[in-house]
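Fit chain B to the supplied structure of chain A, relying on the hints for placement.
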Amino acid sequence: AQTVTQSQPEMSVQEAETVTLSCTYDTSESDYYLFWYKQPPSRQMILVIRQEAYKQQNATENRFSVNFQKAAKSFSLKISDSQLGDAAMYFCAYSPGAGSYQLTFGKGTKLSVIP
Amino acid sequence: GAVVSQHPSWVICKSGTSVKIECRSLDFQATTMFWYRQFPKQSLMLMATSNEGSKATYEQGVEKDKFLINHASLTLSTLTVTSAHPEDSSFYICSDRGIGQETQYFGPGTRLLVL
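Heads up: the sequence lines are chains A and B, in that order. Okay, so the first sequence: first residue is 1 according to our numbering, each after it adds one. Okay, so the second sequence: first residue is 1001 according to our numbering, each after it adds one.
Okay, chain A solo, but in the shape it has when bound:
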């Protein structure tokens, strides 16, 4: 069974600074998808970024980027120029892809942004 581990229950960052959230996963598959979702206090789950395992290039979405290390099964999220609105729970998630698409979530990292 796939597992997703987020080893940082809480993180904090100064506004305008950069922070990196860690995620590791375990799978025997070669093709899969990885996601970072953000859950603000409203509890609406919002897709932050997505990475296809077959792509070597790291995904980037504006201030958000990932460091995908397939061999190490690591998928960290970097938030640049942190803003107050980035404060939220961040969940790393794994999907096996074709035929299933079920998501396995990590336990989450609570990110605080200090003004």
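It should be emphasised that the hints constitute simulated quantities derived from the structure, not laboratory data. Some hints could be false.
In silico EDC-like links for lysine to aspartate or glutamate, alpha-carbon gap of 16 Å or less [as the list claims (entries may be wrong)]:
(1) B:LYS1064 / B:ASP1088
(2) A:LYS70 / A:GLU29
(3) A:LYS70 / A:ASP31
(4) B:LYS1041 / A:GLU29
(5) A:LYS55 / B:GLU1102
(6) A:LYS78 / A:GLU29
Bear in mind that the values here come from a model prediction, so they are computed numbers and not experimental data.
Below, chain B without anything else, positioned relative to chain A:
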């Protein structure tokens, strides 16, 4: 991303009553929808996978007679909590995945409180 609506957003009911939660995919036809449960300060736990026109697939430990799922159309899935008890109080979230889509988009969630 896709837009998913959920109704109601809040529900308070007496113990022993049944509660129906609707999940609608507004942007595309969702052959597959997912139902999650989230306890305070915890991650999302997949309850079941809802497939249009067929029976839902429940995760281990989830009572299918307790949590009835119906996916009668490509845009609507419903979760009915039957004979609700206080321990069923939780935050329920649905997500959808369109045909050929590997990404799940989430509804805003439903807070259920059983008195």
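Cross-check of the supplied hints:
Annotation: proposed proximity of LYS1064 of chain B to ASP1088 of chain B holds, straight-line Cα distance about 14 Å (limit 16 Å). Among the hinted pairs, LYS70 of chain A with GLU29 of chain A is consistent with the structure: their alpha-carbon atoms are about 11 Å apart, no more than 16 Å. Restraint check: the Cα-Cα separation between LYS70 of chain A and ASP31 of chain A comes to about 10 Å, which is no more than 16 Å; the hinted pair holds. Taking the CA atoms of LYS1041 of chain B and GLU29 of chain A, the gap is about 30 Å. The hint is violated against a cut of 16 Å.
Taking the CA atoms of LYS55 of chain A and GLU1102 of chain B, the gap is near 15 Å; set against the 16 Å cutoff, the hint holds. A distance of roughly 25 Å separates the Cα atoms of LYS78 of chain A and GLU29 of chain A; the hinted pair therefore is violated under the 16 Å criterion.
The structure does not agree with the numbered hints 4 and 6 stated previously, though it agrees with the rest.
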